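Student: Chain by chain, the residues:
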Amino acid sequence: MKQRQGLIALAFLTPALVCLAVLRIVPAISAVVESFYTESLLRGGRVFTGLSNYTDLLGSKDFRQSVGVTLLFTVLVNPIQVVVSFLLAVLFTQKAAGSKLWRTLVILPIATPPAVSAVIWSVIYRPDGLGNGVLGRLGLPAQPFLTSPNQVLPSLIVLLSWIGVGYWMLFLIAGIQEVPVEVREAALLDGAGPWRRMISVILPLVRRPLAFVLVADTVSNLLVFAPVQILTKGGPNGNSNLLMYDVYNRAYAIGDIHVAQAEVVILVALTLAIVAGQFRLLRGDQ
Amino acid sequence: MRRNLFALPAAAVAAALLLAGCGGSSGANGSGSTQTADPGPDTGTITFTGTDNAETYQPVIKAFEAKNPGIKVTYTQIPFDQFNATMQQRLSAKDTGIDVYTVDEPRVSQLAAKGFLTDLSDLDGKVKTSFSAAAYKTNHFRDKLWSLPMWNSTQYLFYNKTALAKAKVTPPAADPQQRWTWEQVEAAGRKSMQAGGTKYGLFMEQPEAYYQLQPLAESLGGGSGVEGADVLTPAIETDGWKKAMQWYGATFASGLSPRGIGGFQTGPVFSNGDVAFFVGGPWDLKIFGSSKIDWGVAPLPYFQGGKPVTPTGSWSLGINPASKQQGMARKFLEFATLDPAGNLATTSTTTIIPANLDAQKQYTPKMDAFSGAKTAGAAAITAYESEHTAVSRPVSVGYIQFEEVLGKAFADIRNGTNPDARLQQATQQLTEAWRSIK
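Chains as they are written, first to last, in UniProt numbering: chain A, 1 to 286; chain B, 1 to 438.
To be clear, the hints were calculated from the coordinates, so they are not data collected in a lab.
A partial selection of chain A residues facing chain B, derived with a Cβ cut-off under 10 Å:
#1 Glu39
#2 Lys61
#3 Ser122
#4 Arg126
#5 Phe145
#6 Ser148
#7 Lys233
#8 Gly234
#9 Gly235
#10 Asn249
#11 Tyr252
#12 Ala253
#13 Ile254
#14 Gly255
#15 Ile257
#16 Val259
Since we're looking at a predicted model, the values are computed, not measured. Glycine included, each C-beta is placed from N, C-alpha and C at the ideal position.
Given the sequences, and given the hints that come with them, work out the whole structure.
Tutor: If you want it as structure tokens, here you go:
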């Protein structure tokens, strides 16, 4: 009987397992294997070159800059998005007039595909666009946004936060709403102010959804591609050349699929290292 | 809590695997196949893929379907910015969903070398007599014919008549013998800005594209930017290139041209009346016709002391070797290029120059009337440039890398990076990118 149940379970799982193998595991293995080869258009044929794609990459100034830009971006964007999502979640779980309407407005960008958001922001960031129009009304000078090496990364962070914050906020709202009413009332009776209640009561009790948001947000930000492709193409001077875009550029624009696959392997390793580090930090706090 | 935390690394690994999957698989298989492809069925539906709007190809598809009952053609559009990358991806995956596709002429060599084009050498004789020598040559690689030219192009200097009148500037003449220099354009553009006629003085339609910027360097004798027996040695640090790029960067630094507007947002800057001079192609002759401003057309300028050079070439058509419908695909391709009526039908909604010489003869005289009096002189300019000043983009197996690397360099120079240093960096990037090809 038990064996039969196991077989039925396996039958149900088979489509998912097959998809996992075909769509994920096989391409991943293929990426690793292909990263050890190179191909010459002039001579023709595929040649095994060991780690040369990796050493070429590490020796490339452009690649090292891309890693630097990606790490800087990761260090900036994730804390900003997590903190803003948390603050908004706290704000929108207060009993106040219109909080549901505001909440809906913040969540709306989720329904917009990243490519469409990028196009919308390309209009905002244009020299004569909405962004500079607003700054002009406030009596502030026009900004170069996407054409300045110093402003391009912050401009992308603002755009990505506009897309992402509402989404991550949803998980935190769910977490905050699960905090027992008695606990909140007890804190109120003890005379804790709003700030104290947020830091000492709500924050420790939403640690689980917060951990999820931090890790998932980090992974999603390491995969950022569409806004870079549409708005900056990695420029100016490689200052927005995030690794995921660099992989795409090497694979399909430059057309060197083998080096691109070596870069994918490095990006995966980097992602795993960052996520593992986050788990270690979170575990240490328990 | 602990269980939940164990589930998270699994999610991260799944995400990482997804990331790895994005690398795709290698599809390049060396030199293009020379075997005669299986023609496949005589009737059915073939897919034609390109960058233009669907309306552009409706007339040619309709005419072809009327002539070939039983064959249907579906058109798929991939936006220009994503076209080359998407095609690399799909062709390397041997996607049978593409039968005929548009090929940017300088990319023929690499596409053929990668095995992404079907050998069409049996049509060589016909092609030689039907197209110009430049178009014939560009579609060849290693003595074989890989694609058939569909269109040709050139560039014009469009000017805003009202703004120039306000600045008391006599507009440039349409006569190629009285062609303006870039220095004249710059001075007149500044006058227009000072007179409050326009926000900007000069703007190029494709401000980061080699196609449009090659003439700047070539006009100063800087060469195409690539040399050597295998056409894989970067040569973009010549005096001509440096001077051209310094001038180009300065047009943005001084506000003569706008930064931050790219892709296909450039045309409206002219049609809204925001710029005095605009460099654009034959397609603009009709597009700008619907704008409210009064404008005229003149030949592309050159640098004082240099020589007039204009870009040329456009899309060809090729067949995907993975297509299972080679026979039908070939019929459509021949109709749209070798048959003058078919070739003319490809230009009936978009005003681009047909590559077929018979079609061209019928088409060019009509260009003067595309947008009434505004386009007067366009036909003579087109004929003159194609005979005297047109310079093709380099035919190199590394052209794709060349165009990508230079495109980024142009963008950086436009945004204020030192041109000499950026050209040096681009040389290094090209050397790196071409190392694996060699």
